[in-house]
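Peer 1: Could you build the full structure based on these sequences and the hints that come with them?
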Amino acid sequence: MAYVPMKAEMEQVGRRLSQWQASLVLVLSCSAVMAILWIFSLSDIFVQFGRTGRVLAWLCLAAVIAAAMWRVNAIIKRPRTVLGVAALIERAFPQLDNHLINYIQFASSPNPSVFTEAYVKRGVPEWRQINIEAMKDRKAHIRANIVLAATLVFLVAPVFAAGRTWLVSLYRIVNPFSNTPPVSLTSIISVEPGDATALQGGPAILTCKVRGRKGHRVAVDIKPADTEKTSYDLGKITSGDIEEFSYRIPRLATDTEYRFRAGDSPFPKWYKLTARPPLAFTRVEIRATPPAYTRYNPRVFDGMAEEVEVPQGSRLEIAALCNLPVTSLVATLKGEIPLPFSPDQDRKRWTGEAQVMSGTLLSLTACSEFGEVVETPVKLSIIPDKEPVITILSPKGKISLPPETTPSVQFSVQDDYGLAEVWIERVPAGSAKQTTGQVLEKWPVSEWTFFKDWLARDLSVDRNQPLVFRVVTRDNYPFGERRTASAPVVFEPIQVESAAKKEAAALAAASATLGKIIEMQRANVDKTTKYIAAIDATASENWLDLASVQETIRKLTGDLLQNKLNPLGSMTVPVRKLYMEEMPEAIAKLKDAGSLRGPEQKAAAERSLRIEETILRKLTFAEVAAEKSQTQRKASAVAAMLENLIKGQTKAIASTRDFIEKKASVGKSLVNQQDALASDVSAFMKACREEADSVSGSDPKLADSFRSIGAACEQEKIKEDMVRAAERLDNNLPADAVPLQEQALAKLKKIESMLNQSQVAAAEERLAAVTEAMEQTKVKLDKLAGLEAKVVESMLAVEKQQDKQDKETDLMEEEAAEIRRNMKDALLQVPVDLQIFPELSVANELVEDVIAGFEEVEQFAGSEKWGADKVVEINEIKPEFFIDMMKQARDRVDLSEMWLPDEPDIFKWNMESFDREEQPKMALGALSTTAEDLVGDLLKESKELEEATRDTATNFGLPDPAGLGWEVAEGDVESFGAHGKSGNQPPDHKEQSGRGNIGRQGMASGEAAAGSGTIGEGDPNIEERRTPEPLQSGQIQADGDADTKATGGGKLGSGSADDVGMAGNGTEKRMDAAGAGSLAGLEALMARTDALYIKASLRNLRTDSLAAAAHHIRQAADAIAEGLPISQVREYQRKAAAALKQAQVELGAGVSASMADEAKALPVEDLVDSGAENIPSNYKDLVAEYFRSLNQSL
Amino acid sequence: MRHAFFSFLASAACAICALAGPNLVFNGSFDCPTNPLAGWMYDYTWLGNKLYMDNHTRVSWVKEDSGRKGVVKLSAGQDILVDSGQGVWLDSKPFPYEFGAKYRLTVWARSEGKGGGTGPNCRIYIVGYKWKSGIKPHPDPDLTEMAPNPPSCIIKQGAGHLVYFGAKGRDFSDPKRTWSKGETTFPSDDPSEEAIKRLKMCDFLTVHICAINGTDGDLYIDDVVVEKIADRMSFVDKLQQRSPARK
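The listed protein sequences correspond, in order, to chains A and B.
Counting from 1, one number per residue, gives the positions in the first sequence under our numbering.
Counting from 1, one number per residue, gives the positions in the second sequence under our numbering.
A few of these clues could be false.
The calculated lysine-lysine pairs, modelled on BS3-like cross-linking and capped at a C-alpha distance of 25 Å, are [what the hints assert, rightly or not]:
1) A/Lys719 / A/Lys647
2) A/Lys717 / A/Lys747
3) A/Lys516 / A/Lys618
4) A/Lys386 / A/Lys442
5) B/Lys228 / B/Lys238
6) B/Lys168 / A/Lys870
7) A/Lys865 / B/Lys168
8) A/Lys940 / B/Lys168
9) A/Lys647 / A/Lys662
10) A/Lys686 / A/Lys717
11) A/Lys452 / A/Lys386
12) A/Lys452 / A/Lys442
13) B/Lys238 / A/Lys940
14) A/Lys940 / B/Lys197
Since the hints were derived computationally from the structure, they do not count as laboratory data.
For clarity, every value in this text was computed on a predicted model and none was experimentally measured.
Peer 2: This is the structure we're talking about:
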């Protein structure tokens, strides 16, 4: 038997063995796979795997299959060695007795031995008897097949029980990536609204349709984005049909997910409801472009937040932005066609434009793709282009036009956006406003304001017809032509004589009224005295009758005060005080006397009598003053005539010289002018004679003066000179005319000098009288002091005489009380009469940095011993021209080299004071931030010199007087520029006003402007002062011995005496900002940042009207700060501009042709009646109680 | 480069001039070769005072006048001297002041009027300043850095303490028609308490020359000299005697 065939056989047997083994593994693996598949499929029926589970199951199956295949492959591919196969055969067939192995081993030996060869030769005969098939493990194969069959049965069998469910389940495991759902008993057919967008804030209804097993429950899970999931049970399936279940979300606040679950319905899907906000406008931006003529810049408004305030005719570019795409958007202006808008790409932003002429509301309406409609209003405030405002500044009212007087009209025209032209028309008297008259002069204007002082030259005047003008204007309003006309300005031509007669008649009537009042008052005093004497027998009606007469007296006095001719003259102010205070009190006391009984009645009656006597006394003075006033008026008229003549002649000379220079022919108007001057000289002489006659009774000296002036005028032949000059001019000989004109002018000036001298003499007399009165006042005070001492003595005596009878004591007490009361009245009168200082409209400015320089001065030898013989007395008449200068603030005056004197003051200034009422409001210019003080050691002076050089108090004040001089000394003019120096001498013992830096201690009613500093030693004998103005500027410290009890506001320790000294002049009037007394006003005042106010000051326009201007300017500034509408701001600005114009006119006013404007009546209509009879009945008891306590305290 | 070199030379020359003697006034003799008015303040436009806006146009340097070389001339008419009365100003460069020390100021001056007039009168005196707040002290002070807004000052000499060119006068220095020398001392020998207080505050002195009053014409000034003549005045000793000794 050869080895090679044996080996092949062995290899074949080996392959068969592997095949059997592989077959077994394969069968078992298949069984395992099917078993696993069965398990997973069965699980899927109950668990309903998701995709993940299915994939895992599939991976598991795949892994088993892969492992089986690997194993089978490994078995088949693994080579079996011949020896291995032989060993397996030997193990399976023991009868071979290892022959087979031995044979294969020997046969394969390379160097076989003999024995080996012999063995090989023998072969393996037993091999042929064995059946190799016996090596197959049949049992194992059978069992494996059984397992396979069983698993197959298990896999197939459920088909018959579960049918499609099993197959679907098998398929879902086998193909985990298929979307085949597991078969369930209940299924959700549809869900509404599914994934959707819903209105935020609105309800949402969720619905599902379900079909399934009866009894299965249906639920919904709601999961809002901002909270946890919540489940709601919706009920159970009641039939096998399709059923519908719903859930309502009442208010969808945010994005919300939801799902329905129904029985075993697998995998309920989550849906999302996206909350959509409601359609709204997020921004409405309006760019307003005002018409060019308004000169306003374009402005952008937030149409949803603010009112769109635009000038009429503005073009609005509207951009509306919505939060959602919008299908349509329109803007509607009330009563107009809707404005078309166009969208951008995302249809959220829409733009459109329109021009607005009127309307108050612009309505924007948007419609979204969901059908939602939203509307937003845009508030519109159309500022109309107002018609121009024409203000006739002068003349006011109907004016009398004397002959040879040229009518003049001062007017201002303002428009909010600008004027086009202004003209003045002459219209027939009584014509309507629309009537177009004869255009006299026209001015093209391109500004928004126009001011003109128009003189009606070369106008034919019919003396029988009134002359009527209208100022007419047209503004630059581009949307139609507008004509605005002023009220008529009427000049009534009159003859001088008739005017004079009219005035004289009016004055006579006023004088008669005053006489009547005095008579009535005298009668009332008599009756009151009589009634007091028989007080018990006097009926109430008698007292009431007296009260009634007293009321009539008051009414008539009021009429007199309102008379524009100012018939009371210098007594106007005291009489006004009577009207305000004493007269109502007298009425009240008389009524009290009528209603009360016993001691109270007597007290009221006696008080009334005292007041009536005071009234009578002052009215009697007023009668004298009225007469004096008339005399002064006449003197002023004569002086004014003369002044006009001088002015006219000066002007005529200048015109004549012009003609000479230009070598031109002399114009007719100059000839006429010179002729008219000659006529005026005649009139002047006539007036002198007439006025002399009229005042000869009241003022013989003045009458003499008039006569002498008239006579001098005639003797000097002034008129003849003028007539000759006119003739030369008429003959075109100007060079010959000039000497005559100059001669006439020189003579006129001579006459003027005569007039002035006589007036100065009169003033000196008056001053002497005033000085005497002052002396008398001093004596009166001394007497009162003595009286006071006696009263004290009497009181002490009363106290000591305890044992005296009560009656006697009471009498003494009553007497003492009476003396005290009288004394009090007298004392109170003194400071009132002496009060001459104007109310200081305090600027409340601070000079932040005061630099105090010290100067070493060596006192002039011997000057410390100087006596009264060194005194130089200077008497000054009040400088009338100061009145105008007080009103005008110039640029700040710079100071030159200044130094301190080396000798004490030797000048005694005696100054005539201005009446307080005639002083205008001082023009307080802005102060500089730094000021220089110059101080030195006090010079020594003798007591005698000090007393001899005491000046009278002065109220010659100027805003910032120029040329203060080199030496620091007390002069005659007060400065309101805070330029004063402390100097090296104490101030005189007198009240001082003005504005100062620091200064030395002294009596001052002015303002301390220094921000800081130290008051130096000065006048130690100062009275205490009431200072109601704690906020006034300056916080100056007292230094050493310096006492500040009488200094002006701001300085510490201002004192609080009730009776002595004057009240400080700082008042609430300072608060002229947003409103007196308001916090805003106070803040504005304290802030001192009102640049407009400063600007106004620097424009040199400080007049009475400027206070109003400043007020309106501040109002405007406040309005801007408070965000008030433009229209209101403009209104304030308009008022301010008007007041400024008025101020300009006041400053520039010359001799007016208007007689009506010459006098201004003091208003009494704005006074508040203070008498007890005006008190509401509810408060009468309270007020009576108040007065009782007041009386007791006096 | 050459320009810079010459500038340096000029400055050095001025400095040598100034340091040549005990005179504390910089360029008091007005003979600095490059700028005879170096160190002197005569342009006050910075003051903002309208009266002195053109002060500099009235101050000039004259090479020679009546035998004196290098003098300064202050020219003014009646309007400046009397009417508006501000005068013409000239101030020296500030120099340090030592409290308690005594200084002597000497000035040569003459005045010549037009048309035979006496010419401008003047006031010449010493003014004491302190540093303006906010200025860091340094060795080369300028008048603009002194107390704010000159001519305000801490202390200045007034009547009785001015430079007088003849007998002791009052408000004015009264220069003569020919060159004459006037002098004064600073401070006064017996200053008041207030004056001492000011002196203590004083950092620097200047010589202030003001042509004022008189008649149209020119005021000539030369050789302005300030020397320290005593380190300690008697009032300082008195002051210390009054003050209690510190423990």
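Peer 1: Is the hinted pair A/Lys686 and A/Lys717 satisfied, with a Cα-Cα distance of at most 25 Å?
Peer 2: Within the cut-off at roughly 14 Å; holds.
Peer 1: Quickly compare the C-alpha distance for A/Lys865 and B/Lys168 to 25 Å and report which way the hint goes.
Peer 2: Measuring from Cα to Cα gives roughly 21 Å; hence the hint holds.
Peer 1: Is A/Lys452 close enough to A/Lys386, meaning Cα to Cα at most 25 Å?
Peer 2: With a Cα-Cα distance of about 21 Å, the restraint between A/Lys452 and A/Lys386 holds, given a limit of 25 Å.
Peer 1: Can you confirm whether the C-alpha distance between A/Lys940 and B/Lys168 stays at or below 25 Å?
Peer 2: Since the Cα atoms of A/Lys940 and B/Lys168 sit roughly 21 Å apart, the hinted pair holds (cutoff 25 Å).
Peer 1: Assess, step by step, whether the Cα of B/Lys168 is no farther than 25 Å from the Cα of A/Lys870, and give holds or violated.
Peer 2: holds (23 Å)
Peer 1: Holds or violated: B/Lys238 with A/Lys940, Cα cutoff 25 Å?
Peer 2: Holds. B/Lys238 to A/Lys940 sits at ~23 Å (cutoff 25 Å).
Peer 1: Does A/Lys662 lie within 25 Å of A/Lys647 when you go C-alpha to C-alpha?
Peer 2: holds (23 Å)
Peer 1: Is it true that the CA of A/Lys719 sits at most 25 Å from the CA of A/Lys647?
Peer 2: Satisfied, since the Cα-Cα distance of roughly 15 Å is no more than 25 Å.
Peer 1: Taking 25 Å as the top limit, are the C-alpha atoms of A/Lys717 and A/Lys747 close enough?
Peer 2: holds (9 Å)
Peer 1: For the pair supplied as a hint, A/Lys386 and A/Lys442, is the alpha-carbon distance within the 25 Å limit?
Peer 2: holds (22 Å)
Peer 1: Between A/Lys516 and A/Lys618, does the CA-CA distance stay at or below 25 Å?
Peer 2: holds (14 Å)
Peer 1: Regarding the pair A/Lys452 and A/Lys442, is the alpha-carbon distance no greater than 25 Å?
Peer 2: holds (11 Å)
Every hint, counting from the list given before, is met by this structure.
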